[in-house]
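Novice: Sequence:
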Amino acid sequence: MIKEGNLGPQEAICLITITIVTRVFFTSPSVITRFVGSAGWLMTLISATTAMIIFYLVLLLLRKWPGKNIIEIYELSTGRYIGFIFSFALFAGFLIDSAALLREFTEVMKVYVLPISPPSYIMGIFFAGVFVVCIFGLEAQARLARVVAPVLLVSLIVVLLLAAKNYSLHRLNPIFGYGLDRVLLRGIRRNSVYGYAIITAVIAGSLQGIEHIKKIGYTSIIISGIIISVCVLCFSLTFPYYVAQEITSPLYEMVSLVDHGRFFQRLDPLFLFTWIIATLIAVTAEVYMAASIYCRMFRIQDIKPIIAPICV
Numbered sequence: 018m019i020k021e022g023n024l025g026p027q028e029a030i031c032l033i034t035i036t037i038v039t040r041v042f043f044t045s046p047s048v049i050t051r052f053v054g055s056a057g058w059l060m061t062l063i064s065a066t067t068a069m070i071i072f073y074l075v076l077l078l079l080r081k082w083p084g085k086n087i088i089e090i091y092e093l094s095t096g097r098y099i100g101f102i103f104s105f106a107l108f109a110g111f112l113i114d115s116a117a118l119l120r121e122f123t124e125v126m127k128v129y130v131l132p133i134s135p136p137s138y139i140m141g142i143f144f145a146g147v148f149v150v151c152i153f154g155l156e157a158q159a160r161l162a163r164v165v166a167p168v169l170l171v172s173l174i175v176v177l178l179l180a181a182k183n184y185s186l187h188r189l190n191p192i193f194g195y196g197l198d199r200v201l202l203r204g205i206r207r208n209s210v211y212g213y214a215i216i217t218a219v220i221a222g223s224l225q226g227i228e229h230i231k232k233i234g235y236t237s238i239i240i241s242g243i244i245i246s247v248c249v250l251c252f253s254l255t256f257p258y259y260v261a262q263e264i265t266s267p268l269y270e271m272v273s274l275v276d277h278g279r280f281f282q283r284l285d286p287l288f289l290f291t292w293i294i295a296t297l298i299a300v301t302a303e304v305y306m307a308a309s310i311y312c313r314m315f316r317i318q319d320i321k322p323i324i325a326p327i328c329v
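My numbering numbers the first residue of the sequence shown as 18 and each following residue consecutively.
Read the hints as simulated data drawn from the structure, not as lab findings.
Beta carbons are placed, not taken as given, at the ideal position from N, Cα and C, and that holds for glycine.
Any given hint could be a false lead.
Unchecked claim - Calculated lysine-lysine pairs in the DSSO-like style (CA-CA distance at most 30 Å, straight line): (1) K81 - K232; (2) K81 - K231; (3) K85 - K321; (4) K127 - K81; (5) K232 - K85; (6) K85 - K231.
Stated by the list, open to error - The following label-pair restraints were derived from C-beta to C-beta distances: (7) S185 - I99: 52 to 62 Å; (8) I317 - Y184: 49 to 59 Å; (9) F103 - I142: 33 to 43 Å; (10) I293 - I99: 21 to 31 Å; (11) S185 - L93: 18 to 28 Å; (12) I142 - N190: 35 to 45 Å; (13) I205 - P322: 34 to 44 Å.
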């Protein structure tokens, strides 16, 4: 059995919340704006609400099979072979998402920060960090997330407050974007961004019972939904929706526009710190989850030898 240690509620909440919120640093706000116009902030709240309903269904499974994680539940409820297929789908989801997030990070870094560096160089250095953090295990990752979460939150709040000079309420019109029906439909369909709450089901054995899992999952989704909605709202207040949908990294563009005199401008380093640390934690969590699921699928007892191939 894989030894992943014991996680407290605060550590797990911080880890899952950072994994979810990190998407807002990249192209997600632009994609949301392309779908629903100026109502992206509302769409994210609908997505979070939908994710909470789906997470309730996951809780029902965990209640029916207490003490089991989602991989074991798949096998108990559907059999060894069909359960293997469900587990593989979950494994592939984490693996593909981690690769996509890393690719987004690399492209944005290349566009804004390291224009002459080859993508392989950026990805190689980043994955070296991911590999090292993964080797220390899930408990170390969660503790790291707990330590840096307040710093990341304060940094993000400072950035959004300093950018307030460029906010304009008229940019929120029309208030329902391309139509309330479209906002509702897209909000329901894009609930997967909050789906990382299923991490609680993967590591159920490291948590302290179903009530802790319930608290961790719902709290993570609620906090993430509020943070993402506020970020998208600030983004919509800064750029007209027809301009916003063409921007590669909206939050980075917002930071670059901050100008409060000679001593308060070009605050990119503050944002970069938040951006890189959050992305490192998010990619590490996804890679570790993929490796953990893989080990459970094939009854592998030691996760460390699997981490390097998963990273590659």
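Novice: Hint by hint, note whether the structure agrees.
Specialist: Taking the hints in turn, this is what the structure says about them:
no. : hint                    : result
1   : K81 - K232              : holds (18 Å)
2   : K81 - K231              : holds (14 Å)
3   : K85 - K321              : holds (22 Å)
4   : K127 - K81              : violated (48 Å)
5   : K232 - K85              : holds (18 Å)
6   : K85 - K231              : holds (15 Å)
7   : S185 - I99: 52 to 62 Å  : holds (54 Å)
8   : I317 - Y184: 49 to 59 Å : holds (51 Å)
9   : F103 - I142: 33 to 43 Å : holds (35 Å)
10  : I293 - I99: 21 to 31 Å  : violated (40 Å)
11  : S185 - L93: 18 to 28 Å  : violated (55 Å)
12  : I142 - N190: 35 to 45 Å : holds (44 Å)
13  : I205 - P322: 34 to 44 Å : holds (41 Å)
Comparing the model with each earlier hint shows violations of hints 4, 10, 11; every other hint is respected.
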